Amino acid sequence: MENDALYMIGIVATGFAVNFGLRALPFLFFGARKGPLPPWVEKFGTFVSPVIIGCLIIYSFAGMQWRTASPYLAAALTVGLQIWRRNPLLSIVAGTAVYMALLQWLRI
Amino acid sequence: MAGARTFRLALRDSLPVLMGYTTMGFVAGVLLAAKGNVVLAPLWGFLSSALWVTGTMSIAGVPYIAAHISAAAFALMTLAVNFRYAFYGFSMLGRWKNVSFFRKCYLILMLTDENYALEAASPIQDPGEHLRYCTYLSVLNHSYWIVGVTSGAVVVALLGMVVDPDAIRGWTNGMEFAMLALFLVIFTDQMRGFCRHGK
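Order-wise, the sequence lines are chains H and F. The first sequence runs 3 to 110 under my numbering. The second sequence runs 24 to 222 under my numbering.
Keep in mind that a hint or two might mislead.
As the list claims (entries may be wrong) - Simulated restraints, written as ranges between beta carbons of each label pair:
hint	chain 1	residue 1	chain 2	residue 2	range
1	H	Arg35	F	Ala90	20 to 26 Å
2	H	Glu44	F	Met214	17 to 23 Å
3	F	Leu182	H	Asn89	14 to 20 Å
4	F	Ser166	H	Ile11	44 to 50 Å
5	F	Asn121	H	Thr48	18 to 24 Å
6	F	Ala109	H	Ala71	20 to 26 Å
7	F	Leu102	H	Gln106	24 to 30 Å
8	H	Leu92	F	Ala103	36 to 42 Å
9	F	Ala25	H	Asn89	20 to 26 Å
To be clear, the hints were calculated from the coordinates, so they are not data collected in a lab. This one's a predicted model, so the numbers in the text were calculated from it and none came from an experiment. The beta-carbon is built from N, C-alpha and C at its ideal position, and this holds for glycine as well.
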């Protein structure tokens with residue numbers, strides 16, 4: 003029990019240090035400097051966000067039932083609705099509901 | 024009031040994250056608690072969700088933690104799995120330049136995949152309003168994650184012998200799609216903006 007608690011505290015502290023450290027890295031390198039950021043950093047910051055989100059999309063598919071048709075059908079519906087109606091909440095809720103229905107009832 | 028309007032905006036944008044974080048968090052909490060005891064499992068769930076704020080390690084790391092992996096090996100694993108976090112700050116450097124130390128630390132702690140995607144893609148131009156938006160969004164999404172993980176751990180720790188946790192989370196099966204849908208919607212809007220600027 004006592005060993006478990008000590009182990010837990012150690013792992014929680016380790017996880018915090020690594021996750022926070024990674025997230026703080028750009029601020030450690032460029033946060034302290036006075037004046038404007040170097041232009042390449044500004045450009046990188048703008049350019050990197052769609053690239054990251056693109057990677058997160060691919061990565062998220064891997065967490066779904068990606069061997070079935072369900073996530074692709076639901077994804078097509080989400081993107082289609084977003085292009086058509088431009089209402090994020092509608093696109094997300096409809097896409098998720100369709101995915102859940104396909105997954106739980108139709109199992110395709 | 025400008026503050027209330029920004030809060031409503033953050034609340035609305037956080038709703039898909041509410042769907043994803045509570046269900047994913049619940050799964051993570053159930054996993055965390057599967058080998059724990061009544062006191063430690065919920066405490067473990069609460070501390071790890073509040074201080075790590077990462078679904079990847081809270082779910083993928085559980086078997087290793089259960090096997091009492093060393094802290095050094097756990098650090099290396101986290102580094103490898105979560106290295107993407109090191110890029111997120113680049114999009115926020117300019118916008119968070121004059122933010123006070125502790126607030127900045129909190130915003131940095133909350134640079135999760137979903138929070139980052141929303142913050143980086145937010146159309147708010149005014150720096151003060153954008154900062155308020157990021158703060159509200161961080162607190163909301165943080166609380167969803169903590170509640171999800173902790174409740175998962177509590178349910179298993181208290182009812183683990185009575186109720187099958189898989190049955191409890193059965194009906195939410197597939198709700199994790201909300202996170203993919205969130206990224207798809209943000210990406211679609213970014214591409215729309217990109218096409219418009221390209222012309």
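| said: Check the structure against each numbered hint from earlier and tell me which ones fail, lowest number first. | reply: 1, 3, 4, 6 and 7
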